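**Q** Each protein sequence line maps, in turn, to chains E and B.
So that you can map any letter, position 548 of the first sequence is 557 in the numbering used here, and since no number is skipped, the others follow by simple counting.
So that you can map any letter, position 51 of the second sequence is 54 in the numbering used here, and since no number is skipped, the others follow by simple counting.
Derived from the structure by calculation, the hints contain no laboratory data.
One or more hints might be untrue.
Computed list of chain B residues with no C-beta within reach of chain E, every gap over 10 Å [to be verified]:
1. His-72
2. Ser-92
3. Leu-163
Computed footprint of chain E on chain B, listed as stretches where at least three residues anywhere in the stretch have a Cβ under 8 Å from a Cβ of chain E [said to hold, decoys possible]:
4. 34-47
5. 57-67
6. 103-117
All of these numbers come straight from a predicted model, not from anything done at the bench.
Note that the Cβ used here is the ideal one computed from N, Cα and C, for glycine as well.
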Amino acid sequence: MSRDSVRNRLPHGAVGAAGGGSVGTDGWRMPMDELTREFLIESQEGLDRMERCLTELEEKPGEMPLLAEIFRAVHTIKGTTGFLGFKRLETLAHAGENLLGLLREGELAATPQIITVLLELLDGLRGILRRIDSDGIEGEESDATLIARLAALQKPEACRAAEPPAPQPAPPVEVEPALAKQCVSEEQNLQSSPANDASPHAGAGQGAETAPARGAGNSAAESSLRVDVTLLNRMMNLVGELVLTRNQVLQAAAADARMTMLSRRLDMVTADLREAVMQARLQPVSHVFSKMPRMVRDLSRQLGKRVRLELDGQETELDKSLLEAIKDPLTHAVRNALDHGIECPEERAACGKDPEGRLRLRAKQEGSHVIVEVTDDGGGIAVEKVRDKAIERGLITVERAANLNERELLQLIFLPGFSTAAQVTSVSGRGVGMDVVRTNAEKIGGKVELDSRVGQGTTLRLRIPLTLAIIPALIVRGLGQSFALPQGALSELVHIAPEEATKAIEWIEEAPLYRLRGRLLPLVFLERLLAPGESRPGGGRDQFIAVLDADGRRYGLVVDGLADPEEIVVKPLSVALKEIGLYSGATVLGNGELALILDPGAIAIRAGIAMTADGDAARQEATEELAVQREAEYLLVEAAGNRAAVPLADVLRIEQVSLERIEYFAGRPVLRCGGQLLPIEDPGGALDAARRTAGARVVVVVCREGKRQVGIAVSHVLDVAAGSELREAGATLPAPGVTLLKERVTDIVNLSAVEPLPAPASDALQEAVEAWQ
Amino acid sequence: MSAAIVARAKGQKPAKEPVAGGGTEAEVCVVRLGHSRFGLPIHSILEIVGSTCPLPVPLAPEYVGGLVHYRGDVLTTVSLRRVLGLGASDAPQAILVLEGAGGCFGLQVDALQEVLQPTAADYEPNPATLDSRRRRFFAGTYKLRDGLLVMLDPGQLDPLRLRPAQGMVESLSRTTSRSTGKDSDKRGER
Chain E
10 MSRDSVRNRL
20 PHGAVGAAGG
30 GSVGTDGWRM
40 PMDELTREFL
50 IESQEGLDRM
60 ERCLTELEEK
70 PGEMPLLAEI
80 FRAVHTIKGT
90 TGFLGFKRLE
100 TLAHAGENLL
110 GLLREGELAA
120 TPQIITVLLE
130 LLDGLRGILR
140 RIDSDGIEGE
150 ESDATLIARL
160 AALQKPEACR
170 AAEPPAPQPA
180 PPVEVEPALA
190 KQCVSEEQNL
200 QSSPANDASP
210 HAGAGQGAET
220 APARGAGNSA
230 AESSLRVDVT
240 LLNRMMNLVG
250 ELVLTRNQVL
260 QAAAADARMT
270 MLSRRLDMVT
280 ADLREAVMQA
290 RLQPVSHVFS
300 KMPRMVRDLS
310 RQLGKRVRLE
320 LDGQETELDK
330 SLLEAIKDPL
340 THAVRNALDH
350 GIECPEERAA
360 CGKDPEGRLR
370 LRAKQEGSHV
380 IVEVTDDGGG
390 IAVEKVRDKA
400 IERGLITVER
410 AANLNERELL
420 QLIFLPGFST
430 AAQVTSVSGR
440 GVGMDVVRTN
450 AEKIGGKVEL
460 DSRVGQGTTL
470 RLRIPLTLAI
480 IPALIVRGLG
490 QSFALPQGAL
500 SELVHIAPEE
510 ATKAIEWIEE
520 APLYRLRGRL
530 LPLVFLERLL
540 APGESRPGGG
550 RDQFIAVLDA
560 DGRRYGLVVD
570 GLADPEEIVV
580 KPLSVALKEI
590 GLYSGATVLG
600 NGELALILDP
610 GAIAIRAGIA
620 MTADGDAARQ
630 EATEELAVQR
640 EAEYLLVEAA
650 GNRAAVPLAD
660 VLRIEQVSLE
670 RIEYFAGRPV
680 LRCGGQLLPI
690 EDPGGALDAA
700 RRTAGARVVV
710 VVCREGKRQV
720 GIAVSHVLDV
730 AAGSELREAG
740 ATLPAPGVTL
750 LKERVTDIVN
760 LSAVEPLPAP
770 ASDALQEAVE
780 AWQ
Chain B
4 MSAAIVARAK
14 GQKPAKEPVA
24 GGGTEAEVCV
34 VRLGHSRFGL
44 PIHSILEIVG
54 STCPLPVPLA
64 PEYVGGLVHY
74 RGDVLTTVSL
84 RRVLGLGASD
94 APQAILVLEG
104 AGGCFGLQVD
114 ALQEVLQPTA
124 ADYEPNPATL
134 DSRRRRFFAG
144 TYKLRDGLLV
154 MLDPGQLDPL
164 RLRPAQGMVE
174 SLSRTTSRST
184 GKDSDKRGER
């Protein structure tokens, strides 16, 4: 239900403008529907909070603010249902409220028994809410047993009598089936969730409405608005449109000096606006993490394990749609960790470990990706077992298995139909888990890695792009039009000069191949793929091979030309065009031209490129080989007439930017890219040289220096060449900072000498921007 | 002229009921295709995008004209020429934005001519002798002084409706995969 609304944070100043009423002045005119929907969203949020508080309460019984929060959630539901006329919901909430009232006033202590029943109450309330959401009615089932249990617990003596002599974390026996049932129903939810996604509550909360104040101490709720996701999507679209219009204005304004000033300002505002709208779509991962304590609690009880859950980096933010997409993989990963990872307390004690297992969920941002890790300190995965299982299930041949190293064997766990669990439990072990994790992660352009040590534990790492809406892509040409190729799948580019074409591309029957560092790379010609009937002369022009790696399928896509890489906004295609199956969308390029986005994975499948299990090995070999070669390779650059060398191993990418994009901060040139600030080093005076010509562009070589990135401004990139060491006469060690490149003595740019930007970068920048305005 | 149409078209929401019912005096937008003229009920038109060259989509179904950029979205266009079996034209085409079941789509015509208000009395349903393949796109005709104006049924031009049956799509992908699949087989032989 709350799926479709994003809670976004606004500065306090914005509250006044939005109005303070809970339903708005014309709330009475709202159709009943709308009111119910609002109520459902709100109750859902309240119950989520209640769930969090309950699991926390178990750790710290008697924590008053927690009790107050739980009471508030149930009380709000009771109050609103009375008004809406949901009698069953009201009765149940009322029964719960009575018990919670006693707890809040300190007349009862929160025993595990009470918490278990309160969790049942929570599930009961949720069940009714779900029913209202789907059918519009609250159903006829009786809650009498639950209400009776809630009432029974209100009598302290009865409670004490029912309490086991020594307080144990395990729930009373009669609750067990209920819990088990709940787990099953959660499982069903999990499986049916795509279907749930498909029923959009598009109309929910059209426009915006302030969240009702929930008393003091809840000021975060007061300064936030609920906004429909479709509205945000539309805003994103319009911002994209604005970016295009801006580009056209920039081109048209070049002649007039005053217009140039204005259009530059437009440029800045547009960039900031785009950033802000994207920001509005971000939500903290705590929205997904907060479901975990309850799940871990229930599962660990069911499995008879003791687990401590640690959540880390909950404030890390991720695009709303991606957050939804990682929910299932993460749930699977946690289930797996609990079921297969963490051992029983006795077993742990026997190994000399803390009987209480540790499960850690961690999220952090790393550049344009968010990393989510699920770490357990359980038994780890025995590689031999994985191998034997894979062979037994016929997923891999014995000979093949013998050739794989430990890391590669571990990745077999992601193959469909794999499960190492000795027995199939109700929690997991049907052999779908890890496969689902990988498929779901790859669907959103993410990656999954697995690290495991026998006896020490397992870490599952999800790498997810920050946003789906905007992706970096390389623009390629073919059939006289532009296509966008997502850079996620691109590993390198090879240029084939016209005179080399016949020699470089070899054929076995009708299969074209290219020798890339001694290995044969199957080729796919973009033109032949897209225009199968037409034959075009192959020779006589430049060709480029984009070496792609799509889900383990490695091949080269032959295109006619390359243009600059661009950050593209992905637009969906109509059904008729989706069916072609080779395009993942369309986009509008910076020059206003449209381009289709190619889907590297689908092209590989269509072209019959096999998924090579040794693909990883090949890639590893290739990169290792590359690393060896690169040590002595340099990028030869020219800055204002001087030649210099940049160690190729440190080069991340090369960008051509217009001089206007170079800004100054603390007296130093910087480049903003993807929300990050890149310090620019200008050793040869390339910036000054470029400034003398109007509308000039400068080439920025983005390099890695330790953990940070720095940009080197140059006029041109000349070549890549192997350098040889030079020795000063009489010295035995090679002279530092200099190399012999193409028979000329060339300076090596010293990356470590580039000073970092002043520390409080963001604040200072903010001030600088404000001062400038 | 087209500005006037836009102004008139914008104010109205596309109605669901067929226009050519005979009783109402609907406004009709006249489009040109080669030498023929066709009419479209004006309230079915959301907006008119000036003449552009849509981006061709390789391997797209026959009826697809291409893609155009429209208010931050990418629209699939239906080429009226191809739908009616006329040869393709290289000249820039006018795009009418219509609303279909699966969202907006563009209708590509050679040019826009005028807006008429023909009287209902001049309306006649499709003659029975019409070519059956084209007939589904036509919604009757108006007898004008200077000739007949054939009305188009915008609902039938929806790309979702034009989509061939699933079998055809499959056979298409089979042929392409067969031709490339052969390559991989041969690679396997070595």
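**Q** Could you run down the list of hints and mark each one as holding or not?
**A** A quick look at each hint next to the structure:
At roughly 6 Å from the closest C-beta of chain E, the C-beta of His-72 of chain B falls inside 10 Å, breaking its exclusion from the interface. Remark: the non-interface label on Ser-92 of chain B is consistent with the geometry, its nearest Cβ contact in chain E lying 18 Å away (cut-off 10 Å). Leu-163 of chain B, annotated as away from the interface, has a beta carbon of chain E within 10 Å; the closest lies near 6 Å. Using a Cβ-Cβ cut-off of 8 Å, 0 residues of the region 34-47 of chain B lie near chain E, which falls short of the minimum of three, so the contact claim is violated.
Against chain E, the region 57-67 of chain B contributes 8 residues with a C-beta closer than 8 Å to a partner C-beta. That satisfies the three-residue criterion, and the hint holds. With 3 residues having a beta carbon nearer than 8 Å to a beta carbon of chain E, the region 103-117 of chain B meets the requirement of three or more and the stated coverage holds.
Violated hints, in rising order: 1, 3 and 4; the structure is consistent with all others.
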